[in-house]
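Engineer: Sequence:
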Amino acid sequence: MDDCHDEGCCCESGILENIDHVEEKKSKKPLFLMVLDGILIALGIYSTTLAQTPLSLGFATIDQPISILIFLIAVILVGHGIIKHGVKSLLKGEVKIEFLITIATIGAFLLGDGLEGSSLMFLFYLAEYIEGFALDRSKKSLSKLVSLNPDVATIKKDGKEYEVDVNVLKINDVVVVKPGDKIPIDGVIIIGNTSVNQASITGESLAVSKKEGDEVYSSTINEEGYIEVKVTKTSNNTIFAKIIGLIKESEEKKAKVDIFIDKFARYYTPLVVIIAILVAIVPPLFFGQSLSQWVYKSLVLLVISCPCALAISTPVSMVSAITAGTKNGIIIKGGEYIEELSRIKAILFDKTGTLTEGRLEVSDIEPNNISKEDLIKIACSIEGKSKHPIAKAFNDYRLANNIAIKEVTNFESIAGKGLKGVIDNEMYYVGKKDLFDHNENLLGSLGTNTSGKTSVIVGNSREILGFISLNDKIRDNGKETISEIKDNNITTIMLTGDNESTAGKVASELGLNKYYHDLLPEDKLNMVEELTGKYGDVAMVGDGVNDTPSLARANVGIAMGMSGADVAVETADIVLMQDNLSKIALLVKIAKKTMNVVKENVAFAITVKSILAILGVLGHVTLLEAVIIGDMGITLLVVANALRIGR
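The numbering of the sequence shown is the working numbering, which starts it at 284 and goes up by one.
Warning: the hint list may mix true and false statements.
[Unchecked claim] Computed Cβ-Cβ distance ranges for the label pairs, DEER-style: (1) 545 to 759: 27 to 35 angstroms; (2) 557 to 321: 28 to 36 angstroms; (3) 557 to 318: 36 to 44 angstroms; (4) 497 to 927: 22 to 30 angstroms; (5) 447 to 770: 50 to 58 angstroms; (6) 346 to 576: 15 to 23 angstroms; (7) 319 to 763: 54 to 62 angstroms; (8) 455 to 722: 45 to 53 angstroms; (9) 760 to 783: 22 to 30 angstroms; (10) 927 to 668: 53 to 61 angstroms; (11) 679 to 651: 20 to 28 angstroms; (12) 497 to 654: 34 to 42 angstroms; (13) 708 to 442: 48 to 56 angstroms; (14) 367 to 434: 36 to 44 angstroms.
For the record, the hints were derived by calculation from the structure and aren't laboratory data. No experiment lies behind these values; they were computed from the predicted model shown. Heads up, the beta-carbon is just placed ideally off N, CA and C, and yes, glycines get one too.
Whenever a hint applies, use it, and build me the whole structure from the sequences.
Structural biologist: See below:
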């Protein structure tokens with residue numbers, strides 16, 4: 284509670300500030316102060332029943348000086364920080380809620396009602412305490428995530444084991460992780476097999492089998508076997524550390540509605556003060572009304588008009604949405620992307636690794652004037668020089684079938700087309716149809732083949748030697764996910780470099796609205812530009828590596844899965860830490876629900892405050908009712924409504 288007023292009202296302080304210490308904030312000082320303040324107010328009430336000698340100050344007479352003194356002490360006890368910040372903000376040219384409460388409290392005392400003045404400050408202090416508690420609740424899930432990473436690691440050196448601080452680990456150090464322990468750092472298993480709970484990264488608690496050579500990540504839990512891990516990243520560069528950094532920084536990327544409300548509050552609060560002054564002086568000055576009565580009404584108006592509920596409604600909603608995403612392995616980099624996603628009219632999908640699993644397998648080998656064995660040997664030899672996902676399929680096939688590859692010289696990778704290289708003094712080509720555009724006769728001899736599969740053409744400068752087809756499995760829940768997205772009136776479009784037959788088969792099986800095929804990386808970027816112009820707001824879903832330019836250009840870039848995780852985390856606006864297509868439908872649902880809650884909160888706060896303001900000016904609302912209903916009540920209701928996003 285006191286922390287709020289060190290930097291301003293809870294509703295004005297950073298929602299994600301001090302997220303590392305949410306669990307540690309257990310000070311009982313605010314509770315003690317409120318109990319003591321309650322006792323003082325009760326004592327002040329009792330003293331009003333006692334006979335007291337009036338105190339004359341020359342310009343005014345205080346009828347019950349003892350009671351007023353007790354009520355003043357009560358105000359100072361809980362209100363010194365509130366008053367201090369209110370005055371400081373005024374000196375900086377800003378009119379904040381603390382200043383409005385300070386004016387209302389002073390006004391109550393000047394009108395001779397010390398009980399109402401002290402009660403007003405007490406209730407505001409109580410409202411801020413409850414509000415701070417509610418905000419901590421909204422941050423608790425994120426706070427728990429921050430604390431998941433262990434501080435200590437067991438390092439193995441010269442045959443001995445030592446406990447060291449995680450921050451001193453260096454690349455190539457060897458860390459020992461026993462069953463049940465958290466993995467303290469990103470690395471590669473060099474000894475042992477186990478299963479790992481990766482919930483802190485992917486949001487899924489189902490354990491994943493890990494063997495020697497597999498990557499493991501900090502904050503995940505080694506559930507079964509003893510493993511030794513070679514460190515590949517320092518503690519501040521792990522995937523988990525980057526996720527935490529993004530969560531902490533996400534508040535800087537505010538939604539447009541949040542920025543608007545911030546600007547609105549800067550003008551709204553001074554305007555309310557001016558209106559309150561006019562309410563206090565115009566009726567007495569021009570219509571002969573009671574000055575004290577209208578001053579009191581103006582103070583009520585000040586309290587009712589406090590913008591806290593408006594100021595806090597959007598950021599708490601965004602934090603709840605970020606929390607909901609984090610629980611499900613979805614890293615949302617800021618509120619602006621939640622707002623943007625809620626308006627999306629089309630979602631563009633990369634195919635390989637996004638709509639499909641991206642694990643290609645050699646399925647059919649169709650030789651032409653060459654043996655099947657020689658055809659696959661040439662393809663495996665040249666593909667062995669590449670790092671493309673297709674090359675991995677050939678490498679896996681080579682290892683599984685014990686194929687001896689040939690030496691390749693003058694190797695060249697041609698973006699979006701394929702590969703070429705010299706074997707036994709002859710140039711060979713392995714790739715798409717466009718790779719053979721150097722020879723019109725070869726292009727003319729090419730036809731369609733193996734419909735619905737990724738096809739690799741193998742040839743030399745004189746002839747086409749054959750076709751090799753690869754299969755790529757469509758992701759589980761793909762069709763259901765696309766259907767759910769379309770139910771939200773969002774057009775689904777696939778962008779792929781594959782041929783029309785392959786693209787059409789996948790699009791048909793998934794039920795996509797449209798697809799574009801045979802696209803080079805630059806073509807994909809151009810398509811994103813074109814479709815953005817057509818639909819206005821589009822999201823792009825890709826693997827975060829090959830699709831980086833398209834992810835950056837779309838209104839919202841969504842990187843899917845842990846492949847190329849560093850690039851994904853840094854480039855995309857939203858990162859799905861698991862290869863699960865259904866997370867996209869969940870993401871859309873979270874975004875739309877969040878913006879609906881924001882609209883509900885803003886409409887509710889404005890409507891109720893407007894009604895109370897009218898009733899206050901008409902004399903039907905007291906100062907205490909104004910702070911209980913118009914400030915504390917509305918604020919807690921909008922916070923409670925926002926918190927349900929994360930459930």
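Engineer: Next step is simple, just say for each hint if it's right about the structure.
Structural biologist: How the hints compare with the structure:
Separated by about 43 angstroms at the C-beta atoms, residue 545 and residue 759 break the suggested range of 27 to 35 angstroms. In this structure the supplied range 28 to 36 angstroms holds for residue 557 paired with residue 321, their Cβ-Cβ distance being about 35 angstroms. At about 38 angstroms, the CB distance of residue 557 to residue 318 agrees with the hint of 36 to 44 angstroms. The hinted range of 22 to 30 angstroms is not satisfied by residue 497 and residue 927, whose Cβ atoms lie roughly 39 angstroms apart.
A hinted range of 50 to 58 angstroms for the beta carbons of residue 447 and residue 770 is consistent with their spacing of about 52 angstroms. Separated by about 19 angstroms at the C-beta atoms, residue 346 and residue 576 satisfy the suggested range of 15 to 23 angstroms. Checked against the hint of 54 to 62 angstroms, the C-beta distance between residue 319 and residue 763 comes to roughly 59 angstroms, which is consistent with it. For the pair residue 455 and residue 722, the supplied restraint of 45 to 53 angstroms holds, since their beta-carbon distance comes to about 49 angstroms.
Separated by about 26 angstroms at the C-beta atoms, residue 760 and residue 783 satisfy the suggested range of 22 to 30 angstroms. Range check, residue 927 to residue 668: about 55 angstroms between beta-carbon atoms, so the 53 to 61 angstroms window is met. A hinted range of 20 to 28 angstroms for the beta carbons of residue 679 and residue 651 is consistent with their spacing of about 24 angstroms. Under the hint 34 to 42 angstroms, the C-beta atoms of residue 497 and residue 654, about 37 angstroms apart, fit the expected range.
Between residue 708 and residue 442 the C-beta distance comes to about 53 angstroms, which sits within the given range of 48 to 56 angstroms. The beta-carbon spacing between residue 367 and residue 434, approximately 37 angstroms, falls within the hinted interval of 36 to 44 angstroms.
Violated hints, in rising order: 1 and 4; the structure is consistent with all others.
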